[in-house]
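Engineer: We have chain U already, so just place chain D on it with the hints.
Same order as they appear, the protein sequences are chains U and D. Converting from the first sequence to my numbering requires adding 804 to each position, the first position being numbered 1. Converting from the second sequence to my numbering requires adding 804 to each position, the first position being numbered 1.
Any given hint might turn out to be false.
Identical copies carry no separate label here, and so any pair may be met within one copy or between two of them.
In silico BS3-like cross-links for lysine-lysine, where the CA-CA straight-line distance does not exceed 27 Å [as the list claims (entries may be wrong)]:
{"id": "1", "residue 1": "Lys1261", "residue 2": "Lys1180"}
{"id": "2", "residue 1": "Lys895", "residue 2": "Lys833"}
{"id": "3", "residue 1": "Lys1251", "residue 2": "Lys1038"}
{"id": "4", "residue 1": "Lys844", "residue 2": "Lys981"}
{"id": "5", "residue 1": "Lys878", "residue 2": "Lys833"}
{"id": "6", "residue 1": "Lys895", "residue 2": "Lys884"}
{"id": "7", "residue 1": "Lys895", "residue 2": "Lys878"}
{"id": "8", "residue 1": "Lys920", "residue 2": "Lys833"}
Quick caveat, the hints were computed from the structure, so don't treat them as lab data.
There are 2 protein chains.
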Amino acid sequence: METSRADFSDWYHSVLEEAEVIDSRYNLKGTYAWRPFGFKLRTLVFGELRRLMDETGHDETLFPLLIPEDQLMKEAKHIKGFEDGVYWVTKGGLSDLEVPLALRPTSETVMYPLFKLWIRSHADLPLKIYQIVNTFRYETKHTRPLIRDREISTFKEAHCAHPDQKGVDEEMELIRKAYDDFFAALCVPAVVVERPEWDRFPGAVKTVSWDVVMPDYKTLQSATSHDLGTGFSKTFEVMYENEKGEQQLCHLNSHGISSRIIAAVIGVHGDEHGLVLPPAFAPIQAVVVPVVFKGDKKKIESAAKKVFGSLSCRKEIDTSDDNPGAKYYRWELKGVPVRIEVGPRDVEKGEAVLVRRDTRQKKAVKLKDVDKEVAKLLAEITKSMKKKALEFHEQAIANAKSRDSLREADKAALPVLVPVCGDAKCWGKLEGSMKRLEFRGTVLGAKPSGKCIGCGKKAESIGLFSNAY
Amino acid sequence: METSRADFSDWYHSVLEEAEVIDSRYNLKGTYAWRPFGFKLRTLVFGELRRLMDETGHDETLFPLLIPEDQLMKEAKHIKGFEDGVYWVTKGGLSDLEVPLALRPTSETVMYPLFKLWIRSHADLPLKIYQIVNTFRYETKHTRPLIRDREISTFKEAHCAHPDQKGVDEEMELIRKAYDDFFAALCVPAVVVERPEWDRFPGAVKTVSWDVVMPDYKTLQSATSHDLGTGFSKTFEVMYENEKGEQQLCHLNSHGISSRIIAAVIGVHGDEHGLVLPPAFAPIQAVVVPVVFKGDKKKIESAAKKVFGSLSCRKEIDTSDDNPGAKYYRWELKGVPVRIEVGPRDVEKGEAVLVRRDTRQKKAVKLKDVDKEVAKLLAEITKSMKKKALEFHEQAIANAKSRDSLREADKAALPVLVPVCGDAKCWGKLEGSMKRLEFRGTVLGAKPSGKCIGCGKKAESIGLFSNAY
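Isolated chain U, as found in the complex:
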């Protein structure tokens, strides 16, 4: 690539287009098309998420996109969070619609009226469903593909109804583990925090977020899980009859992951040469490149094709007329984990050369062992991508024990963990004193020591400050 990672924003835009993940030249700000290669990556990533949803007992469904105005407006707290950002359909054909229709910004107000009809008794609970759809936000801020879109092309949103708070707590714990597994599979580390009250999902009583530190040290909210309490149930009358025959409100929760997760994968792992994809999600896991010189062409290509045929992973062979350098460039850009070079000298020795995408290290292996060696290498790459990402993550996040070091982090806009008390007002004050950092929340399960960096009282948690996307 010609763009350096030093300017991460430039690099990010370039790699998306050059590696043919998406094309954002569509004539409408904040929207883009997934190209075939990018779509395959999307399919693999959301395929794994789908598997996790099914495994944890969620059923896939599909609900309408359009929301009648009165229905969206029903939940006051909720709409307050969205009214500036909703697209409205006001015309059908040549005539005005009687009731304007919103494009879903999220689907609480779409789903819960049907939850009301589907849930009658405790026997119908828990109800756990999800859908993978596009959602819309009229972003007035600077847009950025996959990170801040007007059409969020891909959003997995799950919605669950339970008889009580215990049901919600258990579901949130289950999702905590499932999402942690998902991030681990993607080799992407995250800080899991509970957002402060002022930063919760509109209508939620608790919001948990998976924040990923990107190479520019900004954090990217990459997954969320919400306790919705009984607010929406009251509004939409989502009730059930308990064992005693009494009508009770359902306790609701929701959790979501959007195309942002792919931005996190691309951002965290990429390098100066383009994408670096975790083997489990790479649309092409190994590419065979015949290194052809005149005269040898037939022999080399035949050996390369034999190697290609022997591979049991997702594979490609590049028999184009381009020179080897151009071929290497192309497949490195696309983040193919292993390149298999088959040249005249290799063939003579009965060997091929495996090149790792992540470290670019080379290794000669016997032709008959290529498939086995590739499988081994894919596992090694996964392991070292995980390690490398974790190392960056850990060195990127500072630990501040004093106001001075917090101020330093603020000056440099670096993410930082600080001991804090349990008082949201104190967190707010701390945030107010920052120039560039925001208070992103308290780390889940953290064991703090020392004193709150704000008020000096005993620390009850660890707070994350960062410059967020």
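Structural biologist: Relative to chain U, chain D alone:
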């Protein structure tokens, strides 16, 4: 079911809801939610279509939903077909948009501006892509779930660019075979016709349709394939450089299948007891029902669970407290191809009873053979569903050789094939003389004999008249 098939329309609406395929009680006409069971059916049907698309060399992609007004309006012939039926987004947040945005009614005007950027030389051709998305039509007519929706929840649309007419012809032939295979897999027969000029897709120079005869003898357009000529290429400047270095217009074609295909499957195969699903697409292929009496409960349920464990198909076991009748009713309604009854007498004999959903025939088999026997039965069911559907299809479509018999078919609104000349004006006149039937087009590959029923000249094709959805 309490609704008889005699009133097909009533039956159709009821079965969709009672079998939990969809819920159309969402508070907006022409839209509905796919429930978990229906969504699984949708996944299996569109999974097979996706497989066929991939196999025939199409790459999956995803394009934006919103189309700026000027971009949609660029292709005059095309927009003429849609202007009455487009939903318009005119507001973002609290302000009016500068340019109104259409919800895609179809994606020619979304994709082709990007085709222009992706295609440079003959080496980039053919370009063959598809997406599976929702599309929108502001229907003012009576809506009907899956058949005439305002939000078409599921639409597979493929778009291809070729260097010449030969490329289009070959692609249309390939798709002819692929769609025929798809309909065969679904056990749904169709008449494949070329639509008359006045009934082509807006902007197409040729439209081929797969028309399915539903139980009410109306035909349902269930798949289409269009030759788009070079009209859209001119408008959107989709060009390529040929071997001689000359700029040439691409020849485009498209083909689509929507959620209507699921309406066809449900309509064609269902019966008085509910859905009857072709085994390959049934979300549950076999359900084990322990037929429990007091005392025997433990023994029966243990035997039933053993049978359930031995099954290698998509399976369910009904251990609810409902009586056997209620259980049978439930799973018949959902169209589960095979029910496996495990009762006290069966267990004593070391047997289970297999009940076919399509014919409701029973057969006792040894417990250890259940899995093997179910697999055999699923194959038999597929075969006889295909046969039964074809028999209905063939008896439903009359052959008229005289104006009198055509008039009779018109009176009864029955589909009918007639010999016709090659003159579209003559077809139009014939249609004009009908009260209830429309001229749906000429049967692809038909070998006519005799004279045109309209003008008496030599017949050149066979025309389909029908009352269409």
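Engineer: Cα distance capped at 27 Å. Does Lys1251 pair with Lys1038 within a copy, between copies, both, or neither?
Structural biologist: Neither: 36 Å inside a chain and 66 Å across chains, both beyond 27 Å.
Engineer: At 27 Å max between alpha carbons, let me know whether Lys1261 reaches Lys1180 within a copy, between copies, both or neither.
Structural biologist: neither (52 Å within a copy, 73 Å between copies)
Engineer: Within, between, both or neither: how does the pair Lys895, Lys833 come out at a Cα-Cα threshold of 27 Å?
Structural biologist: Classified as both; 22 Å inside a copy, 15 Å across copies.
Engineer: Tell me, please, which holds for Lys844 and Lys981 at an alpha-carbon limit of 27 Å: within, between, both or neither?
Structural biologist: The answer is both: 26 Å in one copy and 26 Å across copies each meet 27 Å.
Engineer: With identical chains treated as interchangeable, where does the CA-CA distance between Lys895 and Lys884 reach 27 Å or less: within a copy, between copies, both, or neither?
Structural biologist: Both: 24 Å inside a chain and 17 Å across chains, each within 27 Å.
Engineer: Pop the pair Lys920 and Lys833 into one bin, within, between, both or neither, using alpha-carbon distances up to 27 Å.
Structural biologist: Answer is between; shortest inter-copy Cα gap is 19 Å, intra-copy 37 Å.
Engineer: Indicate which option fits the pair Lys895, Lys878 if close means a Cα-Cα distance not exceeding 27 Å: within, between, both or neither.
Structural biologist: Result: close both inside a copy and across copies, 22 Å intra and 20 Å inter.
Engineer: Can you give me the call for Lys878 and Lys833, within, between, both or neither, at a CA distance of at most 27 Å?
Structural biologist: Only across copies: Lys878 and Lys833 sit 19 Å apart there, 30 Å inside one copy, limit 27 Å.
The structure does not agree with the numbered hints 1, 3 stated previously, though it agrees with the rest.
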